[in-house]
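Those protein sequences? They're chains A and B, same order as listed.
The C-terminal position of the first sequence is numbered 133 in the UniProt record's numbering, with every residue numbered one higher than the one before it.
The C-terminal position of the second sequence is numbered 133 in the UniProt record's numbering, with every residue numbered one higher than the one before it.
Just so you know, the hints here were simulated from the structure itself, not pulled from any lab data.
In this text the structure is predicted, and so the values were computed from the model without any measurement.
Among these hints, one or two may not hold up.
Copies of one chain are not kept apart here, so a pair can be met inside one copy or by any two copies together.
27 Å max Cα-Cα, derived DSS-like pairs, lysine-lysine [said to hold, decoys possible]:
id, residue 1, residue 2
1, K106, K53
2, K58, K5
3, K53, K111
4, K106, K117
Protein chains: 2
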Amino acid sequence: MDEQKLENRNIKPTPIRILVLRTLLNSSVALSLSDIEMVLERADKATLYRTLKTFEEKKLIHSIDDGTGAVKYAICEENCECKPQDQHIHFHCVKCKETYCLSHAKIPQTKVPSGFKADSVNMVYRGTCASCS
Amino acid sequence: MDEQKLENRNIKPTPIRILVLRTLLNSSVALSLSDIEMVLERADKATLYRTLKTFEEKKLIHSIDDGTGAVKYAICEENCECKPQDQHIHFHCVKCKETYCLSHAKIPQTKVPSGFKADSVNMVYRGTCASCS
DNA sequence: TCATAACTGCAACTGTTTAACATAAAAATC
DNA sequence: GATTTTTATGTTAAACAGTTGCAGTTATGA
Numbered sequence: 001m002d003e004q005k006l007e008n009r010n011i012k013p014t015p016i017r018i019l020v021l022r023t024l025l026n027s028s029v030a031l032s033l034s035d036i037e038m039v040l041e042r043a044d045k046a047t048l049y050r051t052l053k054t055f056e057e058k059k060l061i062h063s064i065d066d067g068t069g070a071v072k073y074a075i076c077e078e079n080c081e082c083k084p085q086d087q088h089i090h091f092h093c094v095k096c097k098e099t100y101c102l103s104h105a106k107i108p109q110t111k112v113p114s115g116f117k118a119d120s121v122n123m124v125y126r127g128t129c130a131s132c133s
Numbered sequence: 001m002d003e004q005k006l007e008n009r010n011i012k013p014t015p016i017r018i019l020v021l022r023t024l025l026n027s028s029v030a031l032s033l034s035d036i037e038m039v040l041e042r043a044d045k046a047t048l049y050r051t052l053k054t055f056e057e058k059k060l061i062h063s064i065d066d067g068t069g070a071v072k073y074a075i076c077e078e079n080c081e082c083k084p085q086d087q088h089i090h091f092h093c094v095k096c097k098e099t100y101c102l103s104h105a106k107i108p109q110t111k112v113p114s115g116f117k118a119d120s121v122n123m124v125y126r127g128t129c130a131s132c133s
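Based on the provided sequences and hints, a complete structural model is requested.
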């Protein structure tokens with residue numbers, strides 16, 4: 001169940017958290033804080049904000065910076081540790097404004113200059129998705 | 001000269017534009033609108049904003065979304081067209097908060113799902129830079 | 001010269017993110 | 001079970017990035 005998913009990541013399964021989790025699970029695209037706020041009208045924005053922070057911290061979800069000004073969130077895969085080698089590419093469609101996880105497209109590993117240490121990576125294509133072209 | 005750089009990209013070389021260009025040329029890291037605003041105290045934020053938009057449109061500079069909430073800008077290479085194959089990786093240091101162009105590290109070409117068409121790509125590592133580790 | 005276009009400055013406004021503080025609920029301790 | 005402590009939520013509002021409208025100024029071109 002969904003509650004189990006939260007407990008697996010050491011997150012106490014409160015009602016709101018379950019709702020947020022389900023909202024993300026039901027979505028085929030990544031959602032911003034305001035997107036979630038519109039779906040869950042009852043819940044307070046600050047609570048949702050903190051819920052997402054908690055989820056991200058516990059690596060239940062990952063955040064995507066798609067250049068729209070609003071960070072989007074999507075569910076991580078089962079054993080994701082959000083390390084560069086775990087992470088996948090995202091695609092932002094400039095027509096429908098949706099951001100998709102390309103879950104099968106892992107981000108290629110590249111070298112970074114000596115002395116630099118990469119903890120995570122964000123890779124987003126911008127263009128037109130299949131439905132919009 | 002710097003004015004020539006603007007004219008090469010079909011940008012009329014006004015005083016402010018020359019100042020913004022020089023600010024970016026003098027910087028070893030990518031700069032946000034507010035960064036530039038602090039350096040050029042005289043200039044108005046809206047003017048700087050539109051200047052950066054113009055520069056980006058004319059492909060004199062490129063923008064980087066480094067996850068900090070503020071878009072950063074840096075000078076493009078000479079004949080850059082800002083196509084995915086032109087673009088390079090960026091690195092954001094979470095300690096010093098600076099964002100570096102890894103100009104020699106081109107972004108690896110990957111496939112996108114059929115029907116999708118990528119116009120540009122943003123790839124940013126987050127971690128610790130050489131000076132901070 | 002005069003009309004037009006381009007650029008700049010000022011002000012205001014939107015939207016996202018975040019903090020401060022108070023309250024409520026849950027968990028732990030006695 | 002009552003009390004303390006922790007954790008989660010709600011309310012409010014501030015901070016900040018990005019953006020637009022409008023007026024004034026400067027440059028351009030007929």
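So, going through the hints one by one against the coordinates:
For the homomeric pair K106 and K53, the shortest alpha-carbon distance inside one copy (24 Å) is at most 27 Å, but the shortest distance between copies (32 Å) is not. Taking the closest pair of Cα atoms, K58 and K5 come within 27 Å of each other only inside a single copy of the chain (11 Å); across copies the shortest separation is 48 Å, beyond that limit. In this homomeric assembly, K53 and K111 never come within 27 Å of each other (Cα to Cα): the closest approach is 29 Å inside a single copy and 31 Å across copies. Proximity of K106 to K117 under the C-alpha cut-off of 27 Å is found in both arrangements, the shortest distances being 19 Å within a copy and 18 Å between copies.
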